[in-house]
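Colleague: If you want the building blocks of each chain, they are given just below.
Protein chains: 2
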Amino acid sequence: MAASTTTPPRNSTFPFDLVRPELDRVEAAIREQVRAFDPAIEPYVAYVCNTSGKRIRPALAILVGGATGSVSDDHIKIGVVLELIHMATLVHDDIMDGATTRRMVPTANAKWGNALSVLLGDALFSHALTLATDFGSIDICRKVGRASREVCQGEIIQTQRRFDLSLGKDDYFRIIEMKTGALFAAATALAGLLSGVDAATEERLYGYGMKLGTAYQIYDDCLDLVGSEEVVGKTLRTDLAKGKLTLPILNLLESATEAQRTKLNKRILDQEPLDLPVVVGIAEYEGAIERAVDTALGLLEECRRDVEPLAGSVYADALVQITWFLAGLLDKCRR
Amino acid sequence: MAASTTTPPRNSTFPFDLVRPELDRVEAAIREQVRAFDPAIEPYVAYVCNTSGKRIRPALAILVGGATGSVSDDHIKIGVVLELIHMATLVHDDIMDGATTRRMVPTANAKWGNALSVLLGDALFSHALTLATDFGSIDICRKVGRASREVCQGEIIQTQRRFDLSLGKDDYFRIIEMKTGALFAAATALAGLLSGVDAATEERLYGYGMKLGTAYQIYDDCLDLVGSEEVVGKTLRTDLAKGKLTLPILNLLESATEAQRTKLNKRILDQEPLDLPVVVGIAEYEGAIERAVDTALGLLEECRRDVEPLAGSVYADALVQITWFLAGLLDKCRR
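Protein chains in written order, with the working numbering: chain W, 419 to 753; chain E, 419 to 753.
Calculated from the structure, these hints are not laboratory results. Heads up, the beta-carbon is just placed ideally off N, CA and C, and yes, glycines get one too. Take these hints with a grain of salt, some might be off.
Unchecked claim - One-sided excerpt, in silico: chain E residues whose CB lies under 8 Å from chain W: (1) Leu534; (2) Leu537; (3) Ala541; (4) His545; (5) Arg560.
What the hints assert, rightly or not - Listed below are the simulated DSS-like cross-link pairs for lysine-lysine, each with C-alpha atoms no more than 27 Å apart in a straight line: (6) Lys662/W / Lys529/E; (7) Lys529/E / Lys652/E; (8) Lys660/E / Lys529/W; (9) Lys662/E / Lys587/E; (10) Lys529/E / Lys472/E; (11) Lys652/E / Lys750/E; (12) Lys587/W / Lys662/W; (13) Lys587/W / Lys684/W; (14) Lys652/W / Lys662/W; (15) Lys472/E / Lys750/E; (16) Lys662/E / Lys529/W; (17) Lys660/W / Lys529/E.
Between the sequences and the hints, there should be enough to build the whole structure, so can you do that?
Modeller: Here it is in structure tokens:
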């Protein structure tokens, strides 16, 4: 039965199972890439490859491959390239955050220190961009390079604007489109390009990936405020502590009176022991989290329209299914 | 008068002046590239571009361009690409070393912290690799990507083998060929490729760059032991303190008796207040620094043979002149 584009199905899951054999090939290809590194470095790269990344970007590339013809070696390869870039950013994120564990295992910086981890991320970046040349297409090299640059730039702007209470929603969207949307969009658009789709379809696929990545980031940002650490399995309530102003908080600041805004600013900047839970409580109470969820749901609706013209295969259905899966997660953030 | 390939000329300088107009174009192009970044990031990138790098790699690309035909826009551009990669590695090196100043001004990490500097280096890397796609040649993209990966891998192995007294000379040469030789070799070989030289000439140019970079690194390593901080203008005597075993020290360990080696190992590992100056003193006394200088001079002699077939222009002369300039600097390390 085809996934509906208008009615939410019950209990959607991320369609990893549909593309399990292809994702196994991605894993094998990543392991093969590890061997391209100097033997002295292999163990470090292997550790990072084994412990980070949920392979969402490769899964998207494979699903688009299926939805636009058939899954080819090129779809596997572009998934590997983008996942290596994603892993490089995770290694560097963990350094910046001083994180000691990721997905229950020690981070690279916890195991080997910051110096080696900086270089390890760099080596993964340059390897990914070198691997992208295997397609023999300048267009693809350029688009991969640009996506990689966007991710870094998005993270820089985010870092630079911590605790900056003048951050606008337009700034927020620009940041998350760059840091999360760009690599999702590269996965879906480049997979289409590799299938030989026309420019209009490539653009729609780009839009699907960009909006899906943006909605995913909004979900992640809401989860940081309202999630349960036991369920999510990672440390939460860290964004505000680090001065990251996310959509729910921006919603709250937007709807506040001037007097209220002064109170919020003080709590965000001063961070007395109870300030952050109280700010989250107020955000819930005022419906600011709910409005962020609604924004993300709106983006997911647009995603479904983007891939509507591709309908007619289990892969296209799965692209729709992902949006319902994420919508289900977002709904759980409402309180 | 053509530079002699056998007799050292007096007081050779690095031939920056010969290519001053072209290096000015490199500077202008670097400034133009800064504008390709998001406006929020421009000031950071501009700061790094203004405060780091001596433009040796662009100068090499330009000289090879002149020596193999004429200097074109492409030679300027490959110089810019490689200099951006070099700058990215400097930004990340400063984080790893905890350096607070470079060339008399605060480092990026000193100004804005490690987090932003990690990302800034990443953005420079990905921008350089994106810019490389402008040549429209997969071969060039691949070679730039590989050079970039080599640099990172060389630094990783070096970091990983700090205080490892089993490091062999072959390991040392592999490390410095990767971390310094690869980018020099990319500058000279790719400049030749862009002039349309044949494969044999490209290979000789690659050899010239690789050996020049290696000799330059040996010089830098000797200077760290015997240089004067006032003259050099940077903190010296840091390699051993950080556990970096360089060629003079490896020479010393190699010629030591077992009993002597035990004494050296103890001094290197324990690092009591006087240990490092004493190790340097012994290295001088035993001629270990001298032998490192001789090794570098031998490499420079090979460099001259590599570019001999190109003789016949001021640019080819300048490629020879560089080797004599570096030989002069190395000679001053003898004590």
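Colleague: Against each hint, give a clear statement of whether it holds in the structure.
Modeller: Against the structure, the hints come out as follows:
1. Interface restraint check: Leu534/E against chain W, minimum CB-CB distance 5 Å, threshold 8 Å, status holds.
2. At about 5 Å, the closest approach between the beta carbon of Leu537/E and any beta carbon in chain W falls short of 8 Å, and the interface hint on this residue holds.
3. Contact between Ala541/E and chain W, as hinted, is supported at the beta carbon level, the nearest pair being about 4 Å apart and thus within 8 Å.
4. With a least beta-carbon distance of about 5 Å to chain W, the hint placing His545/E at the interface is held under the 8 Å criterion.
5. Look at Arg560/E: its Cβ gets to within about 4 Å of chain W, closer than 8 Å, so that hint holds up.
6. Between Lys662/W and Lys529/E the alpha-carbon distance is near 20 Å, which keeps this suggested pair within the 27 Å criterion.
7. Distance restraint check for Lys529/E and Lys652/E: the Cα-Cα separation of roughly 18 Å lies within the 27 Å cut-off, and the hinted pair is therefore satisfied.
8. Of the supplied pair hints, the one linking Lys660/E and Lys529/W holds, its CA atoms being roughly 19 Å apart against a limit of 27 Å.
9. Proximity of Lys662/E to Lys587/E is assessed by CA-CA distance (about 13 Å); at most 27 Å being required, the pair is judged to hold.
10. Distance restraint check for Lys529/E and Lys472/E: the Cα-Cα separation of roughly 21 Å lies within the 27 Å cut-off, and the hinted pair is therefore satisfied.
11. For the hint linking Lys652/E to Lys750/E, the alpha-carbon distance of about 17 Å falls within 27 Å, and the restraint holds.
12. Straight-line distance between C-alpha atoms of Lys587/W and Lys662/W comes to about 13 Å, which keeps the hinted pair within the 27 Å bound.
13. At most 27 Å may separate the alpha-carbon atoms for a hinted pair to count; Lys587/W and Lys684/W meet this at roughly 20 Å.
14. Taking the CA atoms of Lys652/W and Lys662/W, the gap is near 17 Å; set against the 27 Å cutoff, the hint holds.
15. As the CA atoms of Lys472/E and Lys750/E are separated by approximately 21 Å, the hinted pair is consistent with the 27 Å bound.
16. Straight-line distance between C-alpha atoms of Lys662/E and Lys529/W comes to about 20 Å, which keeps the hinted pair within the 27 Å bound.
17. For a cut-off of 27 Å, the pair hint linking Lys660/W to Lys529/E stands: about 19 Å separates their Cα positions.
Hint violations for this structure: none, all hints satisfied.
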